[in-house]
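Engineer: The listed protein sequences correspond, in order, to chains A and B.
Using our numbering, the first residue of the first sequence is number 1, and each one after it goes up by one.
Using our numbering, the first residue of the second sequence is number 1, and each one after it goes up by one.
By construction, these hints were calculated from the structure, which means they are not laboratory data.
Treat the hints loosely; a few may be bogus.
[Stated by the list, open to error] With beta-carbon atoms standing in for the labels, derived distance ranges:
#1 B/E57 / A/N121: 33 to 39 Å
#2 A/K11 / B/V226: 54 to 60 Å
#3 A/E3 / B/E19: 19 to 25 Å
#4 A/E122 / B/K68: 40 to 46 Å
#5 A/G138 / B/K47: 41 to 47 Å
#6 B/I233 / A/L141: 52 to 58 Å
#7 A/K154 / B/T186: 34 to 40 Å
[To be verified] Okay, derived cross-link-like pairs now, DSS-like style, lysine-lysine, Cα gap no bigger than 27 Å in a straight line:
#8 B/K269 / B/K246
#9 B/K95 / A/K119
#10 A/K5 / A/K32
#11 B/K59 / A/K2
#12 B/K47 / A/K2
#13 B/K11 / A/K2
#14 B/K11 / B/K59
#15 A/K5 / B/K59
#16 B/K281 / B/K270
#17 B/K56 / A/K5
#18 B/K94 / A/K119
#19 A/K5 / B/K11
#20 A/K5 / B/K47
#21 B/K270 / B/K241
#22 B/K56 / A/K2
#23 B/K94 / B/K66
[What the hints assert, rightly or not] If we take Cβ atoms under 8 Å as the criterion, some of the chain B residues that face chain A in the derived model are:
#24 M1
#25 S4
#26 L25
#27 S39
#28 L42
#29 F51
#30 A102
This structure is a prediction, so every number in the text was calculated from the model and none was measured.
Note that beta-carbon positions come from the ideal geometry of N, C-alpha and C, so glycine has one too.
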Amino acid sequence: MKEIKFILNGKEVSVEADPLKRLLDVLREDEKMTGVKEGCGEGECGACAVLKDGVLVNSCMIPLGAAEGSEIVTPEGIRETDKGKCIIDAFGDAGAVQCGFCTPGMMMATEALLTINNKPNESEIREALSGNLCRCTGYDLIVKGVQIASERGKDLW
Amino acid sequence: MVDSYRPKDLKDALSIRAEYNPQPLAGGTDLMVRYQSWSGTLPLFTKSVMFVGHLKEMKYIKKEAKDKTVTLVIGGTATLTDVANNPDTPEVLKKAVLSIAAPALRNNATLTGNICNASPAGDSICALYALDAVIVIEKNGGSREVPIMEFITGPGRTVLGSDELVTAIKIPLKASSVNDFTKVGTRRANALSKLSFTGVADYKNGRIDSIALTFGAVGPTVVRSVELEKKLIGLSGSELKARIPKVIDDYSTVIVPIDDQRSTAVYRKKVALNLLEKYLKELSSHE
Ligand SMILES: Cc1cc2nc3c(=O)[nH]c(=O)nc-3n(C[C@H](O)[C@H](O)[C@H](O)COP(=O)(O)OP(=O)(O)OC[C@H]3O[C@@H](n4cnc5c(N)ncnc54)[C@H](O)[C@@H]3O)c2cc1C
Ligand code: FES
Ligand code: FES
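Work out the full structure: start from the sequences and follow the hints.
Structural biologist: Written as structure tokens, this is what we have:
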């Protein structure tokens with residue numbers, strides 16, 4: 001066990017845990033950030049996606065010790081922001097949410113994409129979401145959601 | 001439960017590596033899957049672990065000029081995204097790296113990790129064999145440079161000592177006018193290669209001046225035959241065109257794949273030779 005500090009959604013937190021504990025488990029169990037989901041646990045589905053120092057990563061692949069001192073942003077960290085609200089509304093209007101399990105990860109991937117490219121074309125959107133699996137929607141509605149977010153949010157990103 | 005170390009810099013990392021021989025963990029995208037346990041429980045590492053992904057001294061990509069050669073030096077903790085985004089990254093390496101998984105994984109996974117994992121299906125490895133990459137290895141009080149073809153000795157096996165770390169990858173930047181990297185997988189994202197092919201070549205005064213042809217996932221390590229390549233040096237485009245059937249025959253003796261869960265030997269060999277033929281046709285029409 002070790003005391004490990006990192007920045008979570010803008011606030012410094014300190015966790016007493018084994019440094020090999022998955023960041024995913026630290027976020028869900030120690031920090032109660034249950035917007036971060038576990039799908040596959042092996043890097044394939046993107047349900048556990050968070051931002052680490054500004055870039056999209058899968059938290060199931062990252063041991064806590066590798067995240068020491070990093071800035072981590074979870075879906076809870078963008079939910080209440082203007083950008084987060086824009087994405088949520090756009091997904092809602094597009095019908096991009098069915099069971100909703102993939103949605104937090106899809107939102108994080110969308111935020112990461114729009115941050116580096118605020119006018120993505122369809123193939124750029126599909127590439128950016130290529131690490132996120134959805135069992136329900138068939139993806140087209142999610143792509144539509146990202147398109148709506150990018151149009152409405154052109155002054156946000 | 002195993003110990004873990006978080007060195008403060010490279011020097012510290014080399015000392016820890018020498019003293020306790022922990023397993024380096026960079027992006028963790030191979031290791032966290034290999035030692036994965038039940039949801040919510042610790043991964044089952046079998047020996048101590050040293051985090052290296054945060055070591056800033058190795059997070060760089062730069063060009064070095066010496067005499068007449070320019071070398072791209074990729075630091076030991078540069079991620080696959082860093083490599084893909086660098087304007088000096090050779091086209092085949094860029095393509096190979098972008099064929100790996102998806103953005104979130106590439107943001108975290110390192111090029112060094114892909115090499116050290118030494119999978120026969122490691123996509124960057126196929127390109128790096130063709131580019132004559134050299135692996136820079138350091139330990140406390142010493143360093144050495146090993147060509148990638150000698151660095152990897154078998155599936156999952158390398159010449160890396162238990163007190164050593166890979167600190168950089170060097171790629172000589174050579175003229176290359178006809179380039180191809182093709183990966184065959186079950187789908188675009190997140191699929192390991194059934195097989196992969198890299199071809200790089202250049203003409204000088206109408207004759208082939210340099211050529212490298214490599215095949216991934218068709219043997220225990222990436223396949224490259226420098227001997228067969230030598231036979232192509234000096235040919236003109238039309239001479240190459242006439243020789244293609246013979247070249248395919250030659251390569252059919254060095255490509256001896258196996259069956260596994262991703263594909264069959266017959267399919268792999270057929271497709272590998274088709275990709276080779278397509279590339280050679282393209283090359284022969286350039287000169
Ligand atoms: C969903 C998914 C899809 C994938 N798809 C592909 C794919 O399409 N193609 C492909 O080639 N790979 C793929 N991979 C495998 C993996 O992502 C890559 O091999 C990646 O580049 C490994 O880098 P890493 O930094 O995460 O390595 P880690 O897991 O941290 O380490 C891998 C190995 O390298 C060693 N190592 C790391 N750094 C050093 C160092 N500095 N010195 C010495 N040894 C070191 C480690 O000890 C370990 O043996 C995939 C993995 C997942 C989970
Ligand atoms: S749970 Fe992390 S990628 Fe699926
Ligand atoms: S909405 Fe159900 S998994 Fe995507």
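Engineer: Work down the list of hints and note, for each, if the structure agrees.
Structural biologist: Structure-based check of all given hints:
1. Checked against the hint of 33 to 39 Å, the pair B/E57 and A/N121 passes, with Cβ atoms roughly 38 Å apart.
2. Taken as a hint, the range 54 to 60 Å holds for the pair A/K11 and B/V226, whose Cβ atoms sit roughly 57 Å apart.
3. The hinted window of 19 to 25 Å between A/E3 and B/E19 holds, with their beta carbons roughly 23 Å apart.
4. At about 45 Å, the CB distance of A/E122 to B/K68 agrees with the hint of 40 to 46 Å.
5. Checked against the hint of 41 to 47 Å, the C-beta distance between A/G138 and B/K47 comes to roughly 44 Å, which is consistent with it.
6. Look at B/I233 against A/L141: about 54 Å separates their beta carbons, and that is inside 52 to 58 Å.
7. Checked against the hint of 34 to 40 Å, the pair A/K154 and B/T186 passes, with Cβ atoms roughly 37 Å apart.
8. With a C-alpha separation of about 16 Å, the suggested pair B/K269 and B/K246 falls inside the 27 Å cut-off, and the hint holds.
9. With a C-alpha separation of about 23 Å, the suggested pairing of B/K95 with A/K119 holds against the 27 Å cut-off.
10. A threshold of 27 Å between alpha carbons decides the hint, and for A/K5 with A/K32 the separation of about 16 Å falls inside it, so the pair holds.
11. Our distance criterion of 27 Å between C-alpha atoms is met by B/K59 and A/K2, whose separation comes to about 26 Å.
12. For a cut-off of 27 Å, the pair hint linking B/K47 to A/K2 stands: about 18 Å separates their Cα positions.
13. Note on B/K11 and A/K2: the hinted pairing holds, with a Cα-Cα distance of about 23 Å set against a maximum of 27 Å.
14. Distance restraint check for B/K11 and B/K59: the Cα-Cα separation of roughly 15 Å lies within the 27 Å cut-off, and the hinted pair is therefore satisfied.
15. In summary, the hint linking A/K5 to B/K59 is supported, as the alpha carbons are separated by about 22 Å, within the 27 Å threshold.
16. The hinted pair formed by B/K281 and B/K270 meets the criterion: a straight-line CA distance of about 16 Å does not exceed 27 Å.
17. Using a Cα cut-off of 27 Å, the hinted pair B/K56 and A/K5 holds, with the two alpha carbons roughly 19 Å apart.
18. Our distance criterion of 27 Å between C-alpha atoms is met by B/K94 and A/K119, whose separation comes to about 23 Å.
19. Pair hint A/K5 plus B/K11 holds up; C-alpha atoms about 23 Å apart against a cutoff of 27 Å.
20. For the hint linking A/K5 to B/K47, the alpha-carbon distance of about 24 Å falls within 27 Å, and the restraint holds.
21. Restraint check for B/K270 and B/K241: the C-alpha separation of about 20 Å stays at or below 27 Å, so the hint holds.
22. Pair hint B/K56 plus A/K2 holds up; C-alpha atoms about 23 Å apart against a cutoff of 27 Å.
23. Taking the CA atoms of B/K94 and B/K66, the gap is near 24 Å; set against the 27 Å cutoff, the hint holds.
24. The beta carbon of B/M1 comes within 6 Å of a beta carbon in chain A, closer than 8 Å, and the hint placing it at the interface holds.
25. For B/S4, the interface hint holds, since its Cβ comes within 8 Å of a Cβ in chain A; the closest pair sits about 5 Å apart.
26. For B/L25, the interface hint holds, the least distance from its beta-carbon to any beta-carbon of chain A being 7 Å, beneath 8 Å.
27. The closest approach between the C-beta of B/S39 and any C-beta of chain A is roughly 6 Å, which is under the 8 Å cut-off, so the hint is satisfied.
28. About 6 Å separates the beta-carbon of B/L42 from the nearest beta-carbon of chain A, less than 8 Å, and the hint is met.
29. Hint on B/F51 holds. Least Cβ distance to chain A is approximately 5 Å, under the 8 Å limit.
30. Taking 8 Å as the C-beta cut-off, the interface hint given for B/A102 holds, the closest approach to chain A being about 3 Å.
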